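A.B. asks: Chains as they are written, first to last, in UniProt numbering: chain A, 1 to 239; chain B, 1 to 239; chain C, 1 to 239; chain D, 1 to 239; chain E, 1 to 239; chain F, 1 to 239.
These are computed hints drawn from the structure, not numbers from a lab.
Keep in mind that a hint or two might mislead.
Note: identical chains are not told apart, hence a pair may lie in one copy or across any two.
To be verified - Think about it this way: if two alpha-carbon atoms lie no more than 25 Å apart in a straight line, the pair counts; the simulated PhoX-like pairs of lysine-lysine are:
| hint | residue 1 | residue 2 |
| --- | --- | --- |
| 1 | K159 | K149 |
| 2 | K121 | K159 |
| 3 | K159 | K135 |
| 4 | K54 | K159 |
All values reported here derive from a predicted model rather than from experimental measurement.
6 protein chains.
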Amino acid sequence: MLLSELNQQSAAEAIHNGVTALLPIGATEVHGNHLPLGTDSFLAQGVAEKTAQKLGPGRGLVLPCVHYGQVWSLRATPGTVDIPDAVLTPYLTHIALSMYRAGVRRFAFINAHVGNCPAVKAAMRQVWAQCPDMKVFSFTYPGAEEVIKRVCTSRRPHKAYFHACEIETSYMLYLCPERVDMGKAICQYPEFPADFDVTPWPWTDIMDVAVMGDATAATAEKGRAIIDVVVDNIVRLMG
Amino acid sequence: MLLSELNQQSAAEAIHNGVTALLPIGATEVHGNHLPLGTDSFLAQGVAEKTAQKLGPGRGLVLPCVHYGQVWSLRATPGTVDIPDAVLTPYLTHIALSMYRAGVRRFAFINAHVGNCPAVKAAMRQVWAQCPDMKVFSFTYPGAEEVIKRVCTSRRPHKAYFHACEIETSYMLYLCPERVDMGKAICQYPEFPADFDVTPWPWTDIMDVAVMGDATAATAEKGRAIIDVVVDNIVRLMG
Amino acid sequence: MLLSELNQQSAAEAIHNGVTALLPIGATEVHGNHLPLGTDSFLAQGVAEKTAQKLGPGRGLVLPCVHYGQVWSLRATPGTVDIPDAVLTPYLTHIALSMYRAGVRRFAFINAHVGNCPAVKAAMRQVWAQCPDMKVFSFTYPGAEEVIKRVCTSRRPHKAYFHACEIETSYMLYLCPERVDMGKAICQYPEFPADFDVTPWPWTDIMDVAVMGDATAATAEKGRAIIDVVVDNIVRLMG
Amino acid sequence: MLLSELNQQSAAEAIHNGVTALLPIGATEVHGNHLPLGTDSFLAQGVAEKTAQKLGPGRGLVLPCVHYGQVWSLRATPGTVDIPDAVLTPYLTHIALSMYRAGVRRFAFINAHVGNCPAVKAAMRQVWAQCPDMKVFSFTYPGAEEVIKRVCTSRRPHKAYFHACEIETSYMLYLCPERVDMGKAICQYPEFPADFDVTPWPWTDIMDVAVMGDATAATAEKGRAIIDVVVDNIVRLMG
Amino acid sequence: MLLSELNQQSAAEAIHNGVTALLPIGATEVHGNHLPLGTDSFLAQGVAEKTAQKLGPGRGLVLPCVHYGQVWSLRATPGTVDIPDAVLTPYLTHIALSMYRAGVRRFAFINAHVGNCPAVKAAMRQVWAQCPDMKVFSFTYPGAEEVIKRVCTSRRPHKAYFHACEIETSYMLYLCPERVDMGKAICQYPEFPADFDVTPWPWTDIMDVAVMGDATAATAEKGRAIIDVVVDNIVRLMG
Amino acid sequence: MLLSELNQQSAAEAIHNGVTALLPIGATEVHGNHLPLGTDSFLAQGVAEKTAQKLGPGRGLVLPCVHYGQVWSLRATPGTVDIPDAVLTPYLTHIALSMYRAGVRRFAFINAHVGNCPAVKAAMRQVWAQCPDMKVFSFTYPGAEEVIKRVCTSRRPHKAYFHACEIETSYMLYLCPERVDMGKAICQYPEFPADFDVTPWPWTDIMDVAVMGDATAATAEKGRAIIDVVVDNIVRLMG
């Protein structure tokens with residue numbers, strides 16, 4: 001169920017029947033030339049919809065996607081939008097509070113962009129404190145790491161970071177292949193300065209095309225393997 | 001052009017070539033049982049896309065839609081999301097500031113929900129003050145009123161307010177007819193308390209189904225007549 | 001009754017007896033050369049006092065006037081003071097909250113400056129949410145429009161805006177004629193750019209002397225006709 | 001000169017000619033039964049007007065009075081209005097910034113209520129930091145203490161505090177005697193708890209009628225002696 | 001007892017047994033060349049520890065010192081740290097709220113830097129309002145003034161201000177003599193401009209070495225005389 | 001060099017000579033019964049001091065420790081203090097801005113508490129944006145992980161979290177052994193609920209004594225091995 005497609009009565013019924021609200025949170029951020037700027041939003045939407053399907057008919061309600069998030073690292077690239085945490089956190093919080101006020105008692109932030117994590121975590125804690133009888137979750141590809149280690153073949157560009165690479169491209173090939181242009185996929189391993197993790201480094205200082213890793217190694221099959229586990233995990237963890 | 005579908009290079013080129021950025025701003029709000037909760041977002045998206053078409057190839061860039069706005073009046077209805085102005089305004093402002101930083105020099109808020117107007121106006125003024133060499137506009141159906149008076153046949157429910165009625169339903173019948181269920185359209189004229197305009201009145205205190213006006217009078221033709229003028233006006237007013 | 005003139009006991013008694021608190025909200029803003037910068041404050045004060053009289057002895061309590069409001073459009077003129085909405089709203093809110101804490105259960109913002117409307121509306125809603133058993137109202141010349149159409153003779157300068165014109169000058173001629181210098185009244189119809197309503201336009205970009213309309217057509221009689229209806233409406237709408 | 005009485009041209013000329021802007025800041029607060037709730041506003045206005053006279057024709061511009069300030073200690077009394085510092089400070093700051101933007105280069109906060117001092121000081125420092133070429137001052141009865149010691153006869157109720165007593169009543173008898181009802185003046189010395197200065201004590205916990213000191217000892221002559229020195233000091237200190 | 005040295009069980013027991021929490025608040029600010037930049041922190045810590053001793057075993061709990069406060073006047077000197085009131089106040093408030101949540105019912109801010117007073121007072125009032133059953137105090141050398149008048153011999157540099165002078169140096173000689181270099185103590189009486197108290201004057205505009213008064217007159221004995229009374233007062237005032 | 005021990009001249013010289021400012025950031029948080037509540041502050045202070053020593057005479061300046069940080073997980077334990085990110089971030093930012101204003105051009109946050117990381121990162125980015133010619137770093141035990149894997153012997157309690165365990169206890173045994181009571185060290189592996197990482201779980205819900213891991217396996221030698229590498233890394237990464 002997509003909230004934006006429901007009418008007043010069906011929305012009220014779904015909530016009355018105890019639906020789990022799923023809020024996809026993406027970003028508008030460059031992802032090289034083989035993936036679109038909406039990549040993180042498409043992925044958040046895709047994971048949320050698969051989660052709703054897995055939950056079963058009438059049990060998962062996908063809310064409209066939040067398309068603008070925190071993108072500090074690539075904020076200098078044309079087309080990328082950066083929302084500061086101090087603005088993003090209350091925006092997310094009020095969406096959840098509105099759902100709570102309406103009677104929702106199980107709410108999940110389905111986040112697909114790592115830069116959003118601090119704001120999502122802060123929002124989750126605020127909602128938790130204000131809505132004592134609502135279960136609130138946040139998911140950013142839970143359990144993906146194990147499958148990635150198993151199915152992905154290219155070297156990781158950095159201990160913590162990757163971008164528009166084998167992993168994200170595989171997600172897109174699985175969830176919305178029509179938006180991927182593999183002919184433009186590249187393999188790029190930027191050189192990280194020694195102090196990359198301990199002082200602010202805009203990613204635009206270390207690469208022109210925003211790809212961190214080997215996008216050419218991506219396949220829909222790898223994307224399916226990871227995402228299906230992620231979705232299973234989300235459903236399982238919500239209990 | 002949809003920003004979410006562009007890749008890094010095409011986004012950069014579009015901005016470099018002087019594209020006008022168009023930000024659709026909708027809401028998630030009940031609109032009776034014949035229209036979906038995403039109505040205002042679908043309309044904002046539709047108007048923005050038609051504006052981009054009218055501007056001509058490569059001249060209009062539609063940004064991802066902002067799906068959550070200020071909905072005080074119906075905030076008590078299940079499924080409706082209400083973002084306070086103090087949160088919405090900086091969220092909108094930062095989207096425009098990101099575009100400005102990227103080189104955009106013509107930016108328009110394309111708003112389809114009247115409740116967003118104060119936040120949009122405040123955001124527009126802040127952007128104007130911070131981006132002296134960017135033209136910034138906000139549009140909420142400019143020029144619709146004249147056409148409405150000419151083509152609409154039902155009585156207006158209130159001097160200032162209408163909702164999910166002949167007007168909005170006609171817009172939807174023109175822009176996304178597949179999302180309208182005319183079989184559930186109703187005609188409803190709530191009785192307004194004398195002090196409705198001068199003291200806070202949640203709309204849920206005066207009606208159950210969120211329809212204010214006669215939705216049964218809606219036609220795609222009326223929607224087309226109004227929206228086409230609106231789009232012409234937007235293009236003309238941006239000069 | 002003017003709150004500033006009461007002593008501790010009479011203020012306590014008035015509130016204990018269920019008085020309606022009336023807060024005049026004006027502005028400090030140039031109004032051409034025939035009207036003083038305090039025009040909006042004088043008008044707010046005048047309307048509030050007439051409302052108190054109409055309510056009857058001991059029933060209306062006029063609070064000290066708020067002399068500084070939101071004046072974005074003319075903020076570039078010497079002497080004009082502009083308070084941002086984000087500052088004005090909590091200032092107004094705390095005045096009402098103080099009255100509520102003291103026992104007042106009927107509170108009205110009597111506003112005379114259109115630029116204050118967003119802040120006043122926001123304050124009214126916050127007070128309403130925090131003071132569930134206090135009736136809170138906001139009035140900006142309620143019902144004036146009908147009488148204006150009937151008694152005023154000059155052309156309106158703009159669909160939405162007018163300033164220091166036949167209307168406001170008539171108000172002043174009725175409420176404090178000693179502050180009007182009709183010898184300096186002018187008739188001025190600025191040319192509005194096509195995009196005046198959709199992009200920020202400081203009024204100083206379209207006129208030097210801050211008059212929008214025909215001040216020479218003003219009479220005390222017109223002012224009386226409109227203001228008396230406004231005051232009747234305020235009293236009637238508060239029930 | 002009162003700004004509220006000037007027209008557009010005379011305000012512009014006064015500012016162009018280097019006028020000193022004087023902002024009276026009062027409060028709305030109970031002052032027993034012999035003084036009105038507007039006492040601090042009347043006093044601020046009075047001191048500002050006398051200062052303008054002393055400065056000489058065309059040299060001092062009295063702005064409209066700020067009638068609502070920080071009144072924590074007596075906030076529980078009916079009719080008293082309390083504005084938190086966090087709201088009051090930016091309100092005051094924006095008034096001064098508007099004057100600066102208009103060309104004013106000498107600005108004085110004329111404060112008559114001790115509770116406003118922290119907000120006034122904070123505002124003064126912010127204005128100072130943002131307006132490097134404007135002299136900004138704040139005065140709360142400068143030099144009064146020396147004269148008080150000389151002319152007042154009653155015992156001081158507390159090392160730091162007094163209220164509606166010989167001092168303030170004398171000010172009122174000098175500046176607006178028509179608003180004083182000496183028949184209701186009382187002498188009251190509340191007993192201060194030992195920890196009065198080191199833990200929050202609403203004044204309403206130690207007295208019913210808000211008088212701290214001996215109002216019966218007040219005379220217009222004492223008020224004149226103090227206020228005239230205060231005004232001389234203000235003029236002298238502004239250089 | 002120092003909270004930082006307690007373990008989980010002993011902290012819980014101390015709080016359970018009704019300990020008084022004492023929060024030392026200092027500053028990082030230049031104090032000439034005979035005193036260290038940590039002077040105010042050392043003094044706050046010293047007063048808090050002596051207070052805890054005076055309260056008796058298990059009755060006073062000294063929290064870790066807040067080392068950064070509001071230092072507007074000397075903010076231009078290298079090494080001095082200035083935290084605005086708007087940041088300092090909630091920082092202090094949350095420390096007290098955490099103690100309250102843990103069960104503490106008697107809390108004292110032990111402040112040693114006059115510039116912190118507005119933030120400390122604001123924090124105290126917020127804590128008082130939110131923790132109705134906790135006694136909250138703030139102390140800035142209570143009762144010092146009387147003893148200073150008796151034991152100090154040098155002239156006061158200013159009615160309200162002194163700095164790194166006979167008084168503060170004596171405190172340091174008593175509380176941590178090993179940190180004082182009397183060989184560098186100086187006597188300095190800056191000339192105060194006439195408008196020093198009514199317009200912002202950074203102290204760096206009137207002196208190079210940050211000493212206001214006669215440090216050479218300081219003795220440990222004077223420090224002991226004053227501080228012991230201060231500590232007695234703190235204990236007595238908390239009841 | 002400890003800033004709190006310097007005098008005005010030596011602080012100015014150190015900064016003038018290009019010193020690196022090191023700000024220790026700890027917390028006040030229970031760490032079981034074998035470690036004190038000040039553990040994170042002692043560790044931050046210790047790492048900062050060793051870093052200053054490693055930098056060499058006159059090259060590192062240790063600022064006073066920030067003793068209160070963000071401690072959401074254990075905020076329910078008596079004695080623990082929790083400062084929200086929205087308060088902590090500007091507090092940290094202003095310390096760095098003060099140093100920058102004074103002439104410091106190399107600044108490092110030396111953080112010892114993982115809960116502070118979001119606030120520290122946010123502060124670092126704000127400082128970076130406002131101080132373009134100052135290098136700003138943040139360190140939370142950089143490079144510790146590799147050594148931990150090599151020298152520690154006990155099982156890790158959780159993929160991401162550990163507390164008062166072999167690791168932290170070893171740090172304390174190396175840096176301030178006199179504050180460790182190994183007689184009270186315990187080995188505790190709380191059972192983590194499946195959804196521990198995706199919904200808010202106060203740690204007090206899964207354990208009483210705040211130990212996560214095996215504190216009994218700690219040795220000063222292990223602490224030395226890790227901390228010395230950490231300090232080497234800090235010095236090396238600052239270049």
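A.B. asks: At most 25 Å between CA atoms: does that hold for K159 and K149 within a copy, between copies, both, or neither?
C.D. replies: Both: 13 Å inside a chain and 16 Å across chains, each within 25 Å.
A.B. asks: One pair to classify: K121 and K159, alpha carbons no more than 25 Å apart. Within, between, both, or neither?
C.D. replies: Both. Shortest intra-copy (22 Å) and inter-copy (18 Å) distances satisfy the 25 Å Cα cut-off.
A.B. asks: Should K54 paired with K159 be assigned to within, between, both, or neither, using CA atoms and 25 Å as the limit?
C.D. replies: Neither way: K54 and K159 sit 32 Å apart in one copy and 27 Å across, limit 25 Å.
A.B. asks: Using 25 Å as the alpha carbon limit, work out where K159 and K135 are close: within a copy, between copies, both or neither.
C.D. replies: between (32 Å within a copy, 23 Å between copies)
The structure fails to meet hint 4 from the earlier list, while all remaining hints are met.
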